[in-house]
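Asks: The hints should help you fit chain D onto chain S, whose structure is shown.
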Amino acid sequence: MLRTKQKVSHISFLLLLAILLAILPGCWSKKELNELAIVMAMGIDYDESDYEVSIQVMKSSEIGKSEGRAAGGAPVITYKTVGKTIPEALQRMLSVAPRVPYLSHVRVLIFGESLARSGVSDALDFLSRNQQLRTDFFMLVSKGGKAAEILDVVTSFENIPANSLYSSILLSEKKWAVTSRVTLQQFITQMERQGSNPVLPGVQVVGNKEKGESPDNKKRVVPITLLKHVGLAVFNRDRLVGWLGEPLSKSTNYALNEVNTTSGYIEGPEGGIVGFEVRRTKSDIKVKLGEDNIPEFTVKMTMETDLNSVQSTVDLQKSDTVEWINRKIEQKVDNYVTRDLRIIQEKYGTDVFGFGEALHRKYPKLWKKLRNHWDEQFKQCKITVKSKVAVRRIGSIVQPVKREMKEQ
Amino acid sequence: MNQVEHSGWEHEHIHSERTQFVEVLKHRLGDSPDIIYRDIAYRNNTVLIVYVEGMSDPKSLIDGMLENLDAADSSGEESPEQAYERLKKQGITMGRVRDTDHYTELISALLAGGSIIFVEGHSICLLVGTESLKQRGVEEASSQSVVRGPREGFTESLRNNTALVRRRIQSPMVRIEQRRLGEQTRTNIAIMYMEGMADKDVLNELRTRLDQAQLSSVLESSYIEEMIQDRRYSPFPTIFNSERPDVIASAILEGRVAILMEGTPFVLIVPSLFVQAFQSSEDYYQRADFASLVRLLRYFCFVLALLTPSFYIAITTFHQEMIPTNLLISLIGQREGVPFPAFVEALIMEITFEILREAGIRLPKSIGQSVSIVGTLVIGQAAVDAGLVSAAMVIVVAITAIANFALPAFNLGISVRMLRFLLMAIAASFGLYGIMISLITIALHLCSLQSLGVPYMSSLAPLKRNSQKDTLLRLSQRMVKKHFREN
Numbered sequence: 001m002l003r004t005k006q007k008v009s010h011i012s013f014l015l016l017l018a019i020l021l022a023i024l025p026g027c028w029s030k031k032e033l034n035e036l037a038i039v040m041a042m043g044i045d046y047d048e049s050d051y052e053v054s055i056q057v058m059k060s061s062e063i064g065k066s067e068g069r070a071a072g073g074a075p076v077i078t079y080k081t082v083g084k085t086i087p088e089a090l091q092r093m094l095s096v097a098p099r100v101p102y103l104s105h106v107r108v109l110i111f112g113e114s115l116a117r118s119g120v121s122d123a124l125d126f127l128s129r130n131q132q133l134r135t136d137f138f139m140l141v142s143k144g145g146k147a148a149e150i151l152d153v154v155t156s157f158e159n160i161p162a163n164s165l166y167s168s169i170l171l172s173e174k175k176w177a178v179t180s181r182v183t184l185q186q187f188i189t190q191m192e193r194q195g196s197n198p199v200l201p202g203v204q205v206v207g208n209k210e211k212g213e214s215p216d217n218k219k220r221v222v223p224i225t226l227l228k229h230v231g232l233a234v235f236n237r238d239r240l241v242g243w244l245g246e247p248l249s250k251s252t253n254y255a256l257n258e259v260n261t262t263s264g265y266i267e268g269p270e271g272g273i274v275g276f277e278v279r280r281t282k283s284d285i286k287v288k289l290g291e292d293n294i295p296e297f298t299v300k301m302t303m304e305t306d307l308n309s310v311q312s313t314v315d316l317q318k319s320d321t322v323e324w325i326n327r328k329i330e331q332k333v334d335n336y337v338t339r340d341l342r343i344i345q346e347k348y349g350t351d352v353f354g355f356g357e358a359l360h361r362k363y364p365k366l367w368k369k370l371r372n373h374w375d376e377q378f379k380q381c382k383i384t385v386k387s388k389v390a391v392r393r394i395g396s397i398v399q400p401v402k403r404e405m406k407e408q
Numbered sequence: 001m002n003q004v005e006h007s008g009w010e011h012e013h014i015h016s017e018r019t020q021f022v023e024v025l026k027h028r029l030g031d032s033p034d035i036i037y038r039d040i041a042y043r044n045n046t047v048l049i050v051y052v053e054g055m056s057d058p059k060s061l062i063d064g065m066l067e068n069l070d071a072a073d074s075s076g077e078e079s080p081e082q083a084y085e086r087l088k089k090q091g092i093t094m095g096r097v098r099d100t101d102h103y104t105e106l107i108s109a110l111l112a113g114g115s116i117i118f119v120e121g122h123s124i125c126l127l128v129g130t131e132s133l134k135q136r137g138v139e140e141a142s143s144q145s146v147v148r149g150p151r152e153g154f155t156e157s158l159r160n161n162t163a164l165v166r167r168r169i170q171s172p173m174v175r176i177e178q179r180r181l182g183e184q185t186r187t188n189i190a191i192m193y194m195e196g197m198a199d200k201d202v203l204n205e206l207r208t209r210l211d212q213a214q215l216s217s218v219l220e221s222s223y224i225e226e227m228i229q230d231r232r233y234s235p236f237p238t239i240f241n242s243e244r245p246d247v248i249a250s251a252i253l254e255g256r257v258a259i260l261m262e263g264t265p266f267v268l269i270v271p272s273l274f275v276q277a278f279q280s281s282e283d284y285y286q287r288a289d290f291a292s293l294v295r296l297l298r299y300f301c302f303v304l305a306l307l308t309p310s311f312y313i314a315i316t317t318f319h320q321e322m323i324p325t326n327l328l329i330s331l332i333g334q335r336e337g338v339p340f341p342a343f344v345e346a347l348i349m350e351i352t353f354e355i356l357r358e359a360g361i362r363l364p365k366s367i368g369q370s371v372s373i374v375g376t377l378v379i380g381q382a383a384v385d386a387g388l389v390s391a392a393m394v395i396v397v398a399i400t401a402i403a404n405f406a407l408p409a410f411n412l413g414i415s416v417r418m419l420r421f422l423l424m425a426i427a428a429s430f431g432l433y434g435i436m437i438s439l440i441t442i443a444l445h446l447c448s449l450q451s452l453g454v455p456y457m458s459s460l461a462p463l464k465r466n467s468q469k470d471t472l473l474r475l476s477q478r479m480v481k482k483h484f485r486e487n
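Protein sequence lines, in the order shown, are assigned to chains S and D.
With full-length UniProt numbering, the residue at position 67 of the first sequence is 67, and numbering never jumps.
With full-length UniProt numbering, the residue at position 121 of the second sequence is 121, and numbering never jumps.
So that you can see chain S by itself, here it is in the shape it has in the complex (with noise of 0.2 Å):
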């Protein structure tokens, strides 16, 4: 019997514990999803000697439920602070917003173009100090305009225009070679590591901005107010030096492999074009010392292509034609790449590449000598490209429609 009272107090009092556990440090840090305000995208512009942080916060009541309960209004809010600091910022944000912002789910992340050309290492600081934020969100800087502008657009395709701008970096990066997808991580490790300078892809808002406030916007079929991908920025360090059109961002993602699939053309033997797409791509850059122990840079690339669409009479069926498509791609890439590397290598002057950190790999003592003044240097280097193409496929026919038709 002794044992068993023992047992028993023995029990309650951890039992006792257990409830004084629960009910002492209590629930501290719980916070219940109606309470949260998720934001979705975030955009710091940079006001006089301010930070002006705009959130794209996820209007839960419009979201999720079936489509007659939905009141019909805009699924996201846009709130706006200013602060000294991006957290001073936020930290005002709930003046106008009813809930806490919550960064864990920011999905993208925008840079107003006067902020990035002026530096933003300040704001990096903030992005990668903050426990909350992941480092997946997809970085872009806004071009010609603030990131706020790019927050008040309503999209059609995606309730949550952050959503639609984060599928449409996702699918562009994949499919079209001319925009690129960068995270804080990316970002921070091209910035600080001496031999490379890191790029961000640009946004831009196509039409009138007013109107694209409104989620009339989504009801239109033509809608009035586009989010449109425009290039990348190439930064110098923490600053925006400059922008590159459709051309040299397609070039500078060749060089740095970051070409999943995309298209082109080039002139038919007997006139016409013969369209093809690139299915796999892969570029290693190949350093060699020159005179004055000057490092030489060779972009190796090897592409596997399909034809898409043949606007010629080529005869698809005499494997010299295929031999002679291989070549024409091989010399315009080659052509082009070269062109506009040496666009951006002069114009910019900056290594985003990493041609630095090539040579640093393959020749560290010269590197030692160089690092310091690499920019410099790099204007002064030859870079050359070498493709090798194959044609894999011409696809479902073989012959070109308009040869057929000649024939008969």
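The set of hints was computed from the structure by calculation and includes no laboratory data.
Please note that the accuracy of each hint is not assured.
Stated by the list, open to error - If you want a taste of the chain S side facing chain D, the calculated C-beta under 7 Å gives, among others:
1) K30
2) L33
3) N34
4) S60
5) S61
6) S104
7) L289
8) N293
For every residue, glycine included, the Cβ atom is placed at its ideal position computed from N, Cα and C.
Replies: The following block gives chain D in isolation, referenced to the frame of chain S:
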């Protein structure tokens, strides 16, 4: 009753006078109408037959006696002793016959369904085994049904149950030890095992525990289970039960000991291990590959049944960053307007479900269905429509409940149900951290448990590699060797 007044009736030795004999019996048993005193003239002697109506069937006994009376040569008078001897040797066709001269023994035999033959003038009685309890026939085991496999289930009769097992193991090594338990109920219980297979230590331990068990009544095998289990304060069952003879037979063949009892179809198995709770008898009647997959599914269901609600609570109140963004968007939309914290929401739904389940068990089958309709439609759909709970929570509770039912061992399911609520509370205050700590605690507790001295987590912790052929998976018969006796 005044002891002094009736001191004569406390007399232990049987009287030879009929009136005295009957008087003692009536005093001890009360004048119950179901105890029949039947006099039969047997030549010159009077024979009294006493039995309890409904529990024994003395018809064939009396028939046999009278037939013998006719057949025997009517050669004059006999002394009571002679009559008694002749009755015993020639007049009774029953198998079990016993002499007694003690009232206590006589009465317990009478109450167990035997008939008493008392010859006037003789102070020894004959106990005849005429037990014939009206009993349920062998029916399908309702609590553990199988698609393929024997349909028979145990009944409430001990003898019948031992026979059902013996019929499956016709080995001379099967042993049955019988004893009575319960001061009032004097219930027959039997332990059944294979000589040479069952562990000596386990058997001895079981015998001592049964000897030490002090029970005034034993109405179901759970009474015994409670008395002989190793740890009283554990949510986990260390003694499993079954109402299927094939399960018990296989347990006995594995070297376990079965405890059968008069009055219940549920037979206990000792020692019982944790992994046993995931083994269904059907595993062995299906293809091995399929059975292995199903068994893995059951382990998964165990985890689901234990953790789903607490995991949901922890993730949605503490670790929102872990939810994929698109899922979060959908969850947050559902939770919009729900007036309770996630924990209270889960508690409401879980308790509602427990109420429905409890109500469903007690109700007649025809009404049970309407309860489930009310439960699913009204509570589920309406609560979501009214915005009291979120749709995701209904899914969580539903999957938890279904997973719970997928466990073959009902009593392990009960432990899971209890622990689930505890885990929910811990998840609501500590998040995933709390869940991890609780799981570690549960694992430690499980490892500390024993069943009749055998470690409860045997063959998993400590891990025995060659014993893994029938734990998480069921490998084919060829690969499985009997390994139970390693312990």
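Asks: Work down the list of hints and note, for each, if the structure agrees.
Replies: Evaluation of the provided hints:
1. K30: With a minimum Cβ separation of about 5 Å from chain D (threshold 7 Å), the hint on K30 of chain S holds.
2. L33: 5 Å, holds
3. N34: 5 Å, holds
4. S60: 4 Å, holds
5. S61: With a closest approach of 5 Å, the S61 of chain S hint holds.
6. S104: 3 Å, holds
7. L289: At 49 Å from the nearest chain D Cβ, L289 of chain S fails the 7 Å test, so the hint is violated.
8. N293: 50 Å, violated
In summary, the structure is inconsistent with hints 7, 8 from the numbered list given earlier, while agreeing with the others.
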